[in-house]
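Each protein sequence line maps, in turn, to chains A and B. Quick note, the first sequence lines up with residues 0 to 185 if you use numbering that gives the first Met the number 0. Quick note, the second sequence lines up with residues 0 to 547 if you use numbering that gives the first Met the number 0.
It cannot be assumed that every hint is accurate.
Stated by the list, open to error - Taking beta-carbon pairs under 10 angstroms as the criterion, some of the chain A residues facing chain B (in silico):
id : residue
1  : 15
2  : 23
3  : 25
4  : 35
5  : 52
6  : 54
7  : 71
8  : 102
9  : 157
10 : 158
11 : 163
Unchecked claim - Interface residues of chain B toward chain A, partial, derived using beta-carbon atoms under 8 angstroms:
id : residue
12 : 8
13 : 9
14 : 15
15 : 18
16 : 21
17 : 23
18 : 30
19 : 32
20 : 37
21 : 44
22 : 47
23 : 48
24 : 457
Don't read these hints as lab results, they were simulated from the structure. C-beta atoms are modelled at their ideal positions from N, C-alpha and C, and glycine is treated no differently.
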Amino acid sequence: MNRTRLRQFIEDESQVLTRTLGLYLNRAGLTISASELLSEVVVEALKHEDRFNPARQPRAWLLGIAANLIRRKQAELARLNRREPLARDLYSGEELSDDEVFDWLASFGETESSAALEANEAVNALLANATPDDAHILRLAIVRGLDGEALARELGVTPGAARVRLHRALNRLRRTARKEKDQVDE
Amino acid sequence: MSKRHEQLLFHYSSALERGDFEAVAGVLREAERDPALEALILQMNDAYTAERFNHANPKEIPMIAAIYPNPTLPRTPRIRWHSLPLVAALGVIALLSVMLAAQMRGNNIFNTGQPGTSGALALQPDPTCNTGALALPVTFYSRPSADAAVLRQGYGTSTMVRDLIILDRTSVDDQGWYFVQVATYTQVQGWITAEQYAALEHCAEAAVVPPAVSATLSPDGATAVPNIAQQPFFVVTMPSGDVHVTYVPPDVQALPSFTPTPAPLHAEASPLPPTIVPPEPIEADGIAVAATDLARLGEGGVCKATTLRTAAVRSLPSPEGVVVTSLPRNTIVTVGDYATSRDAQGNPTVWYVVGVDEVRGWMLATLLDDSACPPILNASVDLPATQLAETRLYVTATAMIQAATAQASAVPVETGVIPPSELAPTAVPFNIDAAAMPPQSMLERAGNCTTTIRTTTDVLSLPSDDGVVIGSLPPGTVVAVIDTQVYHDGQNNSVLWYFVAAHDLQGWVSVYALEAPGCPQSQSEQMTLPPTLAQATSIPQPTPTLAR
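The shape of chain B in the complex, shown without the other chains (with noise of 0.2 angstroms):
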């Protein structure tokens, strides 16, 4: 092999390390039109990707599972916790089986009344979904209608469905109608077709491939893991790079139970979870495996915080994290315990164990009111948000969990009680970023048509007050203009409503609430929607191919 080979790869390396991708894209053209170059950087690559699954993110593997029906998957890892006993795997089989039974209940999208999740469908792939996992287009819309403002196009895969929080339903003129955010990319919002929806629906997999497959359970031989079909969701996390499981102290007391407080919300939208019975903490070596207790925050026990927007409850600490329901604005949610980390811009982070009902899992602290917790001790921040296996978890926990997890993890564990005296004097900011410009793909759709937020304002789904609040900005909030729609009530009321896109948030508001555009020149089609929009009838339903 040349030097000048070696050079460049050292060069693409490098880059690569440091997140250079100037110089990665000029290694790269000079791969183009060199062949021995290219197969050595894909070398690299395939050695870079080997250590990644080494300590797999549970969200690339499904990716890939998903496109082939039986892709080779990557070597899975090992658990590390070599003192987690024989019966937590018990415990997960009977995990296992509640989630079974959820499902047989029909925790799904398309029976109408019941809540659900977008992931949560359990499909057979067709055999003809592996090659069109790219021939899938997704075209976003202001409105539920085709010759609304297009917001984005692409083509979807069939993960997408899996990454998709649908916040409103409705039906216009017999087409169903979905709109949604992309739960990893929240700037991501618009309608799409029901047809759309089922299109990537259909074609996703089943299960949900679990980060471990196989471990060391107990000290006297290895014991597999069984495949869950979903993300254990109910199972609160210690996250430790390649499994996780919470060691919860024994005498940690169980949650009171208490009702969430839901906003009115259109009425084809219930994303409520169902009620799920959770199963008894298990006993073992003196460690309590608990699915559902939380720990506790400092010395005041748990808090309870309260939705700012329509939120997503993940399974772990990061936007990666699989959705695992999502919450509606106003929900009051009980927060347990609290993760630290950075954001990819190297912003500290903080995200919450939250519960409802017997949901549990992981929530953003910026999407919560959180002025009823104790504030967060400012600790050193942890390594970026896709590092999981770094990221700090506080609980409370016995001298028994202190050996359990010196002795099973690389994870740096904060034990003890934090003693108020050293909690921070202010709390962790909420609000959303007035400040951020809305992203650069809104503003060249808009046209460059921006505006300003006159007053604290709701977000809705619909250029009409039956619209579902799915979020609100603040005053001050510079927005790109991307629709209109003039709203006619059917009793000579009109209201002018424009689409428009923050930086993390897109939907209508009112006219009332902005400074005056000006722009765009051109408007959308007056359309009456007819005031039965909030009695809209039931999408069609697709008749899903359960796979159990």
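So that you can see chain A by itself, here it is in the shape it has in the complex (with noise of 0.2 angstroms):
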């Protein structure tokens, strides 16, 4: 993609990019404007385009840039404030990492059926300390076996919102989870 194709592909797509780079600054806890980030984005994207493989997608090699730029953002004011950067602290090293929330979860799905689970006392024992709308959707994700598609149809939202919302309840049960999974492999 020629630097011209390149800035015109951003001039398209800025509208998006603005709102995704306003996103990623919320979650960052950074207080600068999404414009400015964008640009920032853009002279980066200039700077390195030969960089860039036009046969891969080109939102996500912009949106990586972005990241890349927030995360060294975080870690100049993590240097400045003397302290680790946000994401370690939330880790206790009592909790499960993304892979085996994911994992464990997964596995119940792969070896019982729908009935089998809804009687398993693992299960419920989980569903039992979550909220009821965590549990809901846990259950359908977990029992029903919905994956994204179907659990949008289900709730009547998008597939994107549904999958934010089946990961904020498996977020939230992260610590249960990890009690309940020791007690398993016990």
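Mind assembling these two chains? They're in different frames, but the hints should get you there.
Below, the structure written as structure tokens:
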């Protein structure tokens, strides 16, 4: 993708990019504006335009540049404040990692039928600790085995929104999942 | 969809939720070579951003509006203040009328001698601007000269002009220059040409879309709130997340008027706001929606504070709030109320509601000498400043306001008078953090040339005593040294000046304020500034096309 086409692509996508960068900045807790970050992304992208493989996805590439810029800013802030980056603070060592959570919950559906899962004490104990909304969506995902599209139809939302809700429910169960997993493993 | 995709999406969303952008970048690298994964990630991003715009950040909506003249705006949020009476809408209309009158008086920085703010101009969008939004190069220089050190370069957007605070302006060889600060990113300061500023401004949208354009204002039905041409900066707010209205008890006294004492300014800089006639308070259901009155600060009433440097007055208690106006150093403001929140690093921050003449807005407490104000109760801190819906506002309130807020809002509002006995024993510190290092970008610009401030010193916009004071640095502050300049006053007197960058402030200091830096090794061409710089002719004024 030559420079002109890249710039045109960025201009065409600037609305979506700006909204996504605003989301990233909000999550990162940085107070710079999305337009400022977009400007930096543009500079970086044009500077490294020759490294971009036209066969790859440009949006993901640009968002990756933004993520790296944000990471650098977070590291700078952390250095200024003489504390560890935020991401490390969230793992106490007692919680499961993303892959552990995902694998542990996915393992339920691989070996048991829906009816069996309904009666599974471990699953019920897990869901008992969840809020009613979380329990509902987790039951759909774990017991009924609904994936993103099916989950979205059941909930009446977009697939993206369905996944966001499911992932948040899973994250809220992270600590509970550790205890349950340890008990099962024993 | 594959299990692998589900796993990566979970990894992505979890990382995003906890702010781990190293992990986010890792998943995006996978998505570069997987179009299906990229599409799923974009789906999730849409869901997240739809969530955000349901609690719209007013700063984001005009950002989109500025890039495209007729954008498809996100669904506008409903006002949650269901008890807001219909007459309050009339009050908003009255405010709109006042603001139109203010605009017609020439609240325009290009009018010679007129005060103005960087974001107050109303221009008809040029249809060519929508494709050129990213093609506006902006270069920040250390001096008003194209051969000065370049501090920062980038692509400006048309929204940037609203973020720019003009601190000084001058003309050199018939070329106009502005010394500006990007309000939402205060580490960016420097001189830009008048043409660059005019290009940004030319593409600025005329209207700042308000956070709420429709609402249920009375139990009887819905009444649309008219679009306001710019943030209603003189309606002091009680943040609710999607609408900002102040409820003030009927018995709050009107503020006594006072005259601020501005510091001596460069001849071309006059950022004081114009006089605006405030509307009358509106009585409705026993609740006075007073546009200009401030709530009291504890039992001591309002207090006075002084700006420590050029400071922005914002529409919201957040760095993302629109800059209403900027006040020069040593401006005395009236403080009427405050809100506490956290900054991006999790440190507690305090915002004051301040007033100058008839202008009201929010200002960071760290920008003020508030030693004359009662100490603030060090109560539990709210959520980060970006989550305005949770910001806590302490007000003195009657039982009616308590009932109204409990009914209409999810915002936790502390009401009642704060007894002096419960006030914290020490005031919130306001000094600039001398321990904070200069930003990494400035260190790189300086080639890691740093030194230390030797004595409390003013930071100026120019390498000359004629520059505007834009701040001050305490002794011990580490600064990056980016440029040097010898100033000849035309009378055989020469002084060496340095352009330095601290954590949140960039500008010129004289050599007497620094520990001898010994760098940079190369210096700018020595330039003799004409002794008539202080009386520089006004810069060329472009002719804006007014929307009204």
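Structure-based check of each hint:
no.	hint	result
1	15	holds, 8 angstroms
2	23	holds, 7 angstroms
3	25	holds, 6 angstroms
4	35	holds, 5 angstroms
5	52	holds, 8 angstroms
6	54	holds, 8 angstroms
7	71	holds, 8 angstroms
8	102	holds, 8 angstroms
9	157	holds, 6 angstroms
10	158	holds, 6 angstroms
11	163	holds, 5 angstroms
12	8	holds, 6 angstroms
13	9	holds, 5 angstroms
14	15	holds, 5 angstroms
15	18	holds, 5 angstroms
16	21	holds, 5 angstroms
17	23	holds, 5 angstroms
18	30	holds, 4 angstroms
19	32	holds, 6 angstroms
20	37	holds, 4 angstroms
21	44	holds, 5 angstroms
22	47	holds, 5 angstroms
23	48	holds, 5 angstroms
24	457	violated, 24 angstroms
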